[in-house]
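Asker: Here is how the chains run, residue by residue.
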Amino acid sequence: MINPVIQREFYGILRSPKAMAVLLCLTVAFSIAVLMRWPSDSSVDLSGKQSLEVFRVFGYGLLAGVVFLVPAFPATSVVNEKNQGTLALLFNSPLNAFSIYFGKISGVLLFSLLVLLCSLPASAACYAMGGIDLKSELGLLYVILALLVIQYATLGMLVSSYVQSADAGVRITYTAVLAMFFLTLLPAAFFPGAGGLLSTVTGWLRNVSPIPAVMEIMGHSGVGTAGLKIASTTSQFVGFTLVSSFVFAAITISRFNYRIFDRSKAKGVITQDRGLVARSLRRLVYIVDPQRRKPGIPWYLNPVMVKEFRCRKFGRLQWLLRLVAVCAVASVAVTFAAATSATSWGVETIGGLMVLLQVILVVVLTPSLASGLISGERDGSGWALLRLTPLSSFKIVRGKVLSVVWTLGLVLMATLPGYLIMILIQPVMWLQVNFVLICLVWTAIEALAVSAAVGSLFRSTAISTTATYVAVITLFLAPVLVWLGRDAPFGHDTVEMALLVTPVGAALSVIGAPGFENYDLLPASWWVAGIISTVMFMVLGVQVWRLTRAV
Amino acid sequence: MSSSETVVETKGLTKRYDNFTALDSLTMRVGKGEILGFIGPNGAGKTTTIKILVGLSKPTSGTATIAGADCLSESRKIKRLVGYMPDDFGTYNNMRVCEYLDFFGAAYGIGRRARVKRIGEVLDITGATYMHDLYVDALSRGMQQRVAIARTLMHDPQVLILDEPANGLDPQARIDMRVMLLRLSEMGKTLIVTSHILPELARICNVVAMITKGKLRAFGTLDEIMRDVQQRRTFEVMLLDETQVDRVGETVGRWLQERSGDVNAGAAEVTCAKTEMMVRFSTHLNDREVAPLLSHLIGQGETVVQFREVATDLEDAFLSVANAGDRSDTESANPPESETIGSLKTGANA
Numbered sequence: 001m002i003n004p005v006i007q008r009e010f011y012g013i014l015r016s017p018k019a020m021a022v023l024l025c026l027t028v029a030f031s032i033a034v035l036m037r038w039p040s041d042s043s044v045d046l047s048g049k050q051s052l053e054v055f056r057v058f059g060y061g062l063l064a065g066v067v068f069l070v071p072a073f074p075a076t077s078v079v080n081e082k083n084q085g086t087l088a089l090l091f092n093s094p095l096n097a098f099s100i101y102f103g104k105i106s107g108v109l110l111f112s113l114l115v116l117l118c119s120l121p122a123s124a125a126c127y128a129m130g131g132i133d134l135k136s137e138l139g140l141l142y143v144i145l146a147l148l149v150i151q152y153a154t155l156g157m158l159v160s161s162y163v164q165s166a167d168a169g170v171r172i173t174y175t176a177v178l179a180m181f182f183l184t185l186l187p188a189a190f191f192p193g194a195g196g197l198l199s200t201v202t203g204w205l206r207n208v209s210p211i212p213a214v215m216e217i218m219g220h221s222g223v224g225t226a227g228l229k230i231a232s233t234t235s236q237f238v239g240f241t242l243v244s245s246f247v248f249a250a251i252t253i254s255r256f257n258y259r260i261f262d263r264s265k266a267k268g269v270i271t272q273d274r275g276l277v278a279r280s281l282r283r284l285v286y287i288v289d290p291q292r293r294k295p296g297i298p299w300y301l302n303p304v305m306v307k308e309f310r311c312r313k314f315g316r317l318q319w320l321l322r323l324v325a326v327c328a329v330a331s332v333a334v335t336f337a338a339a340t341s342a343t344s345w346g347v348e349t350i351g352g353l354m355v356l357l358q359v360i361l362v363v364v365l366t367p368s369l370a371s372g373l374i375s376g377e378r379d380g381s382g383w384a385l386l387r388l389t390p391l392s393s394f395k396i397v398r399g400k401v402l403s404v405v406w407t408l409g410l411v412l413m414a415t416l417p418g419y420l421i422m423i424l425i426q427p428v429m430w431l432q433v434n435f436v437l438i439c440l441v442w443t444a445i446e447a448l449a450v451s452a453a454v455g456s457l458f459r460s461t462a463i464s465t466t467a468t469y470v471a472v473i474t475l476f477l478a479p480v481l482v483w484l485g486r487d488a489p490f491g492h493d494t495v496e497m498a499l500l501v502t503p504v505g506a507a508l509s510v511i512g513a514p515g516f517e518n519y520d521l522l523p524a525s526w527w528v529a530g531i532i533s534t535v536m537f538m539v540l541g542v543q544v545w546r547l548t549r550a551v
Numbered sequence: 001m002s003s004s005e006t007v008v009e010t011k012g013l014t015k016r017y018d019n020f021t022a023l024d025s026l027t028m029r030v031g032k033g034e035i036l037g038f039i040g041p042n043g044a045g046k047t048t049t050i051k052i053l054v055g056l057s058k059p060t061s062g063t064a065t066i067a068g069a070d071c072l073s074e075s076r077k078i079k080r081l082v083g084y085m086p087d088d089f090g091t092y093n094n095m096r097v098c099e100y101l102d103f104f105g106a107a108y109g110i111g112r113r114a115r116v117k118r119i120g121e122v123l124d125i126t127g128a129t130y131m132h133d134l135y136v137d138a139l140s141r142g143m144q145q146r147v148a149i150a151r152t153l154m155h156d157p158q159v160l161i162l163d164e165p166a167n168g169l170d171p172q173a174r175i176d177m178r179v180m181l182l183r184l185s186e187m188g189k190t191l192i193v194t195s196h197i198l199p200e201l202a203r204i205c206n207v208v209a210m211i212t213k214g215k216l217r218a219f220g221t222l223d224e225i226m227r228d229v230q231q232r233r234t235f236e237v238m239l240l241d242e243t244q245v246d247r248v249g250e251t252v253g254r255w256l257q258e259r260s261g262d263v264n265a266g267a268a269e270v271t272c273a274k275t276e277m278m279v280r281f282s283t284h285l286n287d288r289e290v291a292p293l294l295s296h297l298i299g300q301g302e303t304v305v306q307f308r309e310v311a312t313d314l315e316d317a318f319l320s321v322a323n324a325g326d327r328s329d330t331e332s333a334n335p336p337e338s339e340t341i342g343s344l345k346t347g348a349n350a
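Protein chains in written order, with this note's numbering: chain A, 1 to 551; chain B, 1 to 350.
Treat the hints with care, since some could be wrong.
Claimed, not checked - Here are the simulated DSS-like cross-link-like pairs (lysine-lysine), alpha carbons at most 27 Å apart as the crow flies:
id	chain 1	residue 1	chain 2	residue 2
1	B	LYS58	A	LYS395
2	B	LYS117	A	LYS395
3	A	LYS395	B	LYS77
4	A	LYS294	B	LYS117
5	B	LYS117	A	LYS267
Said to hold, decoys possible - From chain A, some residues computed to sit far from chain B (all C-beta separations above 10 Å):
id	residue
6	LEU90
7	LEU95
8	GLY103
9	GLY131
10	ILE260
11	SER533
Unchecked claim - Among the chain A residues that face chain B by a calculated CB cut under 8 Å, a handful are:
id	residue
12	GLY382
13	ALA384
14	LEU391
Bear in mind the hints are in silico, worked out from the structure with no lab data behind them.
Remember, it's a predicted structure, so these values are computed and weren't measured experimentally.
From the three backbone atoms N, C-alpha and C, an ideal C-beta is built for every residue, glycine too.
All chains should be modelled from the sequences, with the hints used to inform the complete structure.
Answerer: So, in structure tokens, the structure goes:
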């Protein structure tokens, strides 16, 4: 007899209109990608170059699709059941922990399989064009994607078993996925050919990300892949993915018992009420002690802004200060390390890496902070209560947006020391650095506007967080995908147009990062960012007006 | 119903969503310091009424005022006048109780010093002083409910609107809540309380509004509603000896027959319970008309231990009103508004 949990999970996902929309959109997107490069003339491309171009766009698109879509479902799977009380019912049934886990993850994996199946017509078309090997290219790509699906599904379930809300599950899972996807590449990029243990460690760490393995299959090399493509990345990636998936699954299954519910409520101990030693120790450890009794909100601060800081775990000042400190140290370390151990890179490469680091931070952080500004209130009765206060809707939204602006502002400013060192190394770059900083500010504004607007369209916090992550990552990653296909299949003008969507391309172009030097993106990129941000803030405004009027 | 100063008043309040009428010409008024129990099944229109009163929804027709301020056009005044507690309390995670109250105090524009003092006061009123530094999301439902009521009191509103405040509370927490609401009423606050737990409402409310399918079925004090609702009142005569039961039963039957003029009335209305040494009878006669029966029995030489009316509780009354209203709706597809309500309503509508 089929595991009842599989039936419920899989049918549950399939019944969701969103899942149907996702499958439909993916099928259409893959078909369009292939159609765009389908040969229109009568001559035969015997070299297979054209099909490889299509295959590259298709492959990276599919990889991006897996990264965007797969984590959302397992990230909420356990925590939703726990909060609804149905997990307790399952534990009370004769099903054992493994059956429950297997049932739940099978539902997610079956849906992910459907996502991959949707791409089969497009991949078959690629194959039909010739020049692509069925086993070593097409087949291997699907094997890697399948393993990635398993890894992200097990990771999402693990996170979901620890968190207390679906929203937190989505946020932490996407952050972990993006860290494994991007951040693991950076050490190898910073210390290429360092030799010895460091090289081995960075090489292994790099292969945690699927990007090098997929690039190996695509035969991609050259500009933009410096430090990423080293021989035999696929086997290391496969090994790591299998081991990590197994570990994630084992930990999650071990939590499928009383431990998942056994959580004491916060005691709410106040530092002022503690002993002298504890008070002194906390004074040393914390610049801003989260356990200290807070004074009232002063008249000159927007109360909603203060509330936003206070009611977010990762929003309280001590976390922000830690983040800023990490950013400051990291930016200085990156500049220093690159300047001392990889001098052949030049300041441009260092600058490019710093821009990318900061963009990744903004992309990870902004949806997490801004997606729930409105939906977080609507999920409970908070929105109704805010409407009943004398605060105007403008003041409410301003307070909420400001709480994110301050955070992003601090994060952006934290990397200033790195840029200062860069100017010290090469003083003529000060104008370029200024332009880059303006681009980064626009990047943060655009990410904030898109996150706040998209997040406000949904009532459920978990759905709004997922939708926001997908929207922001698409906005920032899609131009990079197009850029990866520069010259073939995309021409210079197409890539330039794509890079205009966000100011990231402009920042990289201004700093002279390899592969971006030939694009003239300023000031058009600022205008585009301004227009997109304005439109998004208008969407947010209209949505808030719609939600605050009495109907 | 008492004739105190009117604080909350609705006139012909109607709310339609396309073809669905959520609220149908609701007219009622609540005086200062009164506790209105707003009773109705799920989907009856209680929350719709509350939303209109607090300015979160716009009526299709009719008016609603609180202390003379129109709920729709004078929303700024209404916000100061009303404290609203929704069904799920509206709490925030990761905030301490004092921070939570501080935020709402600041949102209502209360100065920093006054806010600190006010937080102490409202926590004292709600018996939640010890929760000052605890995290709101770590509190039990009963404790969260106290904090939520404290929140509604922060700006010292005239009217408190509480949606299902007793929902999910344990017996002790319900008793505490009841005491707290009575205390607020004594402080001169006007309360509108919705609840499914009717015995709870019966103990604290001095005015009751019963609503089903968007229509006000009954409105008035509990006594007035009982009187309107009850077609026949039930009385019990407790006797000293088992041998009296049949004899007294016959006497009561004859007496009722003579009074009502109905030859079949007596036999049908009197029940004799020998083991309980009791005679029970129901009648449409009022107190003045029934009182001579006791004298009559004593005059007959019967020893009567107790002569009392069997109380009909709010649940019985509500079911009776709801069923009568539903029957009336079924009989006439489009009954005239005033007739449907007018047949039952008392007090403000009478």
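Asker: Each hint should be assessed against the structure and marked as holding or not.
Answerer: Here's how the hints hold up against the structure:
1. Pair hint B/LYS58 plus A/LYS395 holds up; C-alpha atoms about 23 Å apart against a cutoff of 27 Å.
2. With a C-alpha separation of about 26 Å, the suggested pair B/LYS117 and A/LYS395 falls inside the 27 Å cut-off, and the hint holds.
3. This hinted pair checks out: A/LYS395 and B/LYS77 have alpha carbons roughly 18 Å apart, not beyond 27 Å.
4. As the CA atoms of A/LYS294 and B/LYS117 are separated by approximately 15 Å, the hinted pair is consistent with the 27 Å bound.
5. For a cut-off of 27 Å, the pair hint linking B/LYS117 to A/LYS267 stands: about 24 Å separates their Cα positions.
6. Against chain B, the non-interface label of A/LEU90 holds: every CB pair exceeds 10 Å, the least being about 24 Å.
7. Listed as outside the interface, A/LEU95 is consistent with that label: its C-beta sits roughly 29 Å from the nearest C-beta of chain B, beyond the 10 Å cut-off.
8. The beta carbon of A/GLY103 sits about 30 Å from the closest Cβ of chain B, which is more than 10 Å, so the claim that it is off the interface holds.
9. Every Cβ of chain B is farther than 10 Å from the Cβ of A/GLY131; the closest lies at roughly 55 Å, confirming the non-interface assignment.
10. Distance check on A/ILE260: its Cβ is at least 18 Å (rounded) from any Cβ of chain B, clearing the 10 Å threshold; non-interface status holds.
11. A/SER533, annotated as away from the interface, keeps every beta carbon of chain B farther than 10 Å; the closest lies near 28 Å.
12. Interface hint at A/GLY382: satisfied, since its Cβ lies 5 Å from the closest Cβ of chain B, which is below the 8 Å cut-off.
13. Evaluation of the A/ALA384 hint against chain B yields a held restraint, the C-beta minimum of about 6 Å falling below 8 Å.
14. A cut of 8 Å between beta carbons decides the hint on A/LEU391: the least distance to chain B is about 5 Å, and the hint holds.
The structure agrees with every numbered hint stated previously.
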